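J.: Heads up: the sequence lines are chains Z and S, in that order.
All residue numbers for the first sequence refer to my numbering, where the first residue is -12 and numbers rise by one.
All residue numbers for the second sequence refer to my numbering, where the first residue is 228 and numbers rise by one.
In case anyone wonders, no lab produced these hints; they're calculated from the structure.
Be a bit skeptical, because a hint or two may be false.
If you want the footprint, here are the derived chain S segments under chain Z, 3+ residues with CB under 8 angstroms [claimed, not checked]:
id : stretch
1  : 233 to 244
2  : 300 to 314
3  : 437 to 449
Covered by chain S, per the in silico footprint, the following chain Z stretches (three or more residues, Cβ under 8 angstroms) [what the hints assert, rightly or not]:
id : stretch
4  : 45 to 56
5  : 59 to 72
6  : 155 to 162
7  : 167 to 176
Heads up, simulated SDA-like pairs for lysine to any residue below, C-alpha to C-alpha not over 25 angstroms straight-line [to be verified]:
id : chain 1 : residue 1 : chain 2 : residue 2
8  : Z       : K124      : Z       : L135
9  : Z       : K124      : S       : V347
10 : Z       : K124      : Z       : V67
11 : Z       : K124      : S       : M228
Quick caveat, the model's predicted, so the values are computed rather than measured.
Even glycine gets a Cβ: it sits at the ideal position worked out from N, Cα and C.
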Amino acid sequence: MRWTKWTLAALVACGLAAAPVTAQQAPSVPQARFVVVLDAAHGGDETGGRLTNGQYEKTFTLALTMRLRSLLGARGIQVVTTRESDAAVEPEKRAEIANHAAAQACLSLHGSESGSGVHLFVSSLAPAQPVRFPAWKTAQGAWVARSLKLAGVVNSALLQAGMSTTLSRTTLPAVDSMTCPAVAVEIAPERSTLHETTAGLGDPDYQARVATALAAALVEWRTEARQP
Amino acid sequence: MIPRYQKILFGILLVASVAMGVTLWHLRQRAHERLIAGQDSAPTSAPQIAPSERATLLVANDSDGSLLTQFLSLPLPADPGARARAVLGKLLDLYAAPDAAHPVPGGASSVTQVFLLPAVEIGSGAATPAKPKLADSRAVVILSGESSARPSGALSQQFGPQLAVVNLTGSFAASHPSGIETEMLTVLSICGTLHANLPRVTQVRFLVDGAQRPTLAGHADLTRTYLAADAMPAEEIRP
């Protein structure tokens, strides 16, 4: 009997001691993780376009990805990249990496000497209802509405940074298979109204401005995603 | 000493050989004359100069990523395939001009052929794996509008919607500027120009040197079927 009394007393004491701890831990439930996938287009033998400074598009997109990854990391955003070296990555593999990351935003980064400013593209797939097993080539269909919202946020951030933008729809195999809000971002040189180049793709200041604006857009997107 | 019978045999063989040679030459001459007689090499009709007609071109503009409608007076052949090639040739000539708003080298010779085939209705399951995706809602309006008035059987081939297969040269694809926007503008302007001048063309596919190619210059997907109506400005879409 004495042994039982002491055991009960010890259990009650433990319970009383543990109760405040549980009460303190409850409010600090970690928020859902926020992951961004950065897809540096091209790579390896697939060089992409040739830029006026002699650089290949694959090199430009990789440099921009690394710059943007640093900026996002500094803002506490987890980043997954589809490539971090001059390696050839198939479009299917890019989508596979993005889908495994269960990301809240996916940006496919491109560069082009045609046009001016930043061109934003969302998949041209028709919006579809989410299904448990979506078709690989049209998986983005269920995410098109979210992708359009993300493109709007990115567009606002770029405009705020004083850049000209265009918004269009297109078909890119990697993006069409992604199950996340996905936007293809094509950076072209900044040109004046007289079509004179005011900032080329090789300009580090221009790259920094684009990367900063994209980082600001993703921070804004995270804020919107966390709102109830 | 050669025996007499061998001399006679040799003589007979020699005469027979000569006679056969003469007969063969005679038969050859007769066959040649018969062949010539069956052909009329005289010109049957004078070469025609096609009359000038108003052609509608959807011209891409890189500065704002738009397609602008331009009307030109061009001598257009009556044959739909040749007509399609002629308007596309003019469109690519505009892009090859030094001051082009959408500069693409190559010009008219970049379009090798345009084949016109009866179109398979998108969504029937017989379409290509890469289904048209751009602005599907608009495309459905076009297709359903035409399908309601479409005759059946042999008449459908004569009056039904058509698929245009545009065969481009490898040099055109190789020299095309790389970029999502510039490549999509080229593709959509070709689709829109075909539909504007040949309204029965509702779908467009692309070949490069007669073979399928994954992309035009690294971005625009050339494995899919494009809906020609996708490239048309909204006000020109028929209800």
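J.: Between the alpha carbons of K124/Z and V347/S, is the straight-line distance 25 angstroms or under?
T.: holds (20 angstroms)
J.: Is K124/Z within 25 angstroms of V67/Z, Cα to Cα?
T.: holds (22 angstroms)
J.: Verify this for me: three or more residues of the stretch 233 to 244 of chain S with a beta carbon less than 8 angstroms from a beta carbon of chain Z.
T.: violated (count 0)
J.: Within the assertion that chain Z covers the stretch 300 to 314 of chain S, do at least three residues meet a Cβ-to-Cβ distance smaller than 8 angstroms?
T.: Per the Cβ count (0), the hint is violated.
J.: Check, residue by residue, whether the stretch 59 to 72 of chain Z contains three or more positions whose beta-carbon lies closer than 8 angstroms to a beta-carbon of chain S, and give the verdict.
T.: violated (count 0)
J.: Under a C-beta cut-off of less than 8 angstroms, do 3 or more residues of the stretch 437 to 449 of chain S approach chain Z closely enough to confirm the stated coverage?
T.: holds (count 5)
J.: Quick check: the stretch 155 to 162 of chain Z, covered by chain S? Criterion 3+ residues, Cβ under 8 angstroms.
T.: Per the Cβ count (6), the hint holds.
J.: Verify this for me: three or more residues of the stretch 167 to 176 of chain Z with a beta carbon less than 8 angstroms from a beta carbon of chain S.
T.: Satisfied; 3 residues make the cut.
J.: Given the hinted pair K124/Z and L135/Z, is their alpha-carbon gap at most 25 angstroms?
T.: holds (19 angstroms)
J.: Would you mind confirming whether the straight-line C-alpha gap from K124/Z to M228/S stays at or under 25 angstroms?
T.: It is violated: about 94 angstroms lies between the C-alpha atoms, which goes past 25 angstroms.
J.: State whether the coverage of the stretch 45 to 56 of chain Z by chain S holds or is violated, taking the criterion as 3 or more residues with Cβ-Cβ distances under 8 angstroms.
T.: This one is violated; 0 residues, fewer than the three required, reach chain S with a Cβ under 8 angstroms.
Consistency note: the structure conflicts with the earlier hints numbered 1, 2, 4, 5 and 11.
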